[in-house]
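Numbered per the working numbering, the sequence shown spans residues 1 to 283.
Don't read these hints as lab results, they were simulated from the structure. Nothing here was measured: the structure is a model prediction, and the numbers come from that model. Please note that a few of the clues may not be correct.
[Unchecked claim] Here are the computed distance ranges between Cβ atoms for each label pair: (1) Ala196 <-> Gly115: 21 to 29 Å; (2) Phe266 <-> Ala219: 39 to 47 Å; (3) Asn99 <-> Lys241: 29 to 37 Å; (4) Trp92 <-> Asn240: 52 to 60 Å; (5) Phe266 <-> Leu215: 17 to 25 Å; (6) Lys244 <-> Glu93: 52 to 60 Å; (7) Leu199 <-> Asp126: 30 to 38 Å.
Quick reminder that beta carbons are idealized off the backbone N, C-alpha and C, glycines included.
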Amino acid sequence: MVSPAYAERVENKPGNESLVSSPPMQVVEENQSASDVDSTQLKSLPIIGGLANLAKKIRLSKQDKLKLKLSFSALMFASLFIFGKVDLSKSWEVALQSNGWYLTAAVAFFLGSVGINAKRWQLLADAVGLRKPFLALLQYCYVGLFFNLFLPSTVGGDFSRGYYLSKGTGKYKSAFYSVLADRTVGIAVLFLFATAGILAGPAGHLPWKLKLPILLGTAGIFLVLPFAPKLCHMLLGADNKITKRFENSAVKVYWHDRKLVLSALFLSVVLQLVIVLCHLTIG
1 MVSPAYAERV
11 ENKPGNESLV
21 SSPPMQVVEE
31 NQSASDVDST
41 QLKSLPIIGG
51 LANLAKKIRL
61 SKQDKLKLKL
71 SFSALMFASL
81 FIFGKVDLSK
91 SWEVALQSNG
101 WYLTAAVAFF
111 LGSVGINAKR
121 WQLLADAVGL
131 RKPFLALLQY
141 CYVGLFFNLF
151 LPSTVGGDFS
161 RGYYLSKGTG
171 KYKSAFYSVL
181 ADRTVGIAVL
191 FLFATAGILA
201 GPAGHLPWKL
211 KLPILLGTAG
221 IFLVLPFAPK
231 LCHMLLGADN
241 KITKRFENSA
251 VKVYWHDRKL
261 VLSALFLSVV
271 LQLVIVLCHL
281 TIG
């Protein structure tokens with residue numbers, strides 16, 4: 001028979017964990033997720049609360065935002081010369097030796113080409129329900145040109161144009177469609193001019209490995225692309241996602257409104273002619 005004193009010594013023995021009562025533990029339900037925690041509890045955390053307070057303090061006025069944008073633009077423009085992408089001394093030397101009238105005409109042609117591009121984009125954006133003033137789209141085009149200078153491709157400029165066009169509207173897909181259509185119409189006219197140079201110009205002596213992609217690209221743009229919705233419906237079926245995209249999204253207007261497409265193509269032809277004049281006056 002075990003005495004009460006021996007039992008008390010066994011219960012208080014350090015290594016005997018089974019007989020020692022454990023402290024109460026906080027039980028967390030398995031089905032509790034992060035979404036169950038409200039914003040008040042998050043803000044009570046030191047890190048989250050500190051970031052929230054910092055975000056409230058960093059509220060720039062319109063003048064401060066304008067100063068920040070101008071400073072950033074000046075810094076990026078200066079980086080062209082600092083990092084050697086543009087030789088400042090060489091550029092200044094060429095500018096001094098050039099004819100002032102031709103240089104002024106080249107600048108005027110360049111500015112005019114941006115205006116034509118903005119007008120073409122305005123037509124395509126209006127067609128998908130994004131109606132913006134011409135001056136606003138002109139500003140977006142200049143912003144896109146700015147980003148094209150510092151990024152390896154024109155994707156950055158197109159992304160910025162789509163962002164500013166859709167800002168405050170929520171129509172991100174429609175903005176993307178308008179930018180894509182604007183780019184497609186411009187490329188179509190470039191292919192058309194290249195084909196004309198091959199068939200009736202000095203580019204006819206080029207090897208076929210260079211001429212064939214241009215001719216096939218031109219045929220694809222002007223002979224296949226206009227019938228893309230019907231081809232998708234015929235080859236992929238009416239229930240295909242691509243077919244439904246053509247039939248049920250805002251992009252379908254570019255295949256149904258021929259007057260819109262012809263107007264955009266006409267402006268693209270004028271735009272390319274103005275760019276040619278710009279290069280002629282510079283050269």
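Need the list of violated hint numbers for this structure, in ascending order.
2, 3
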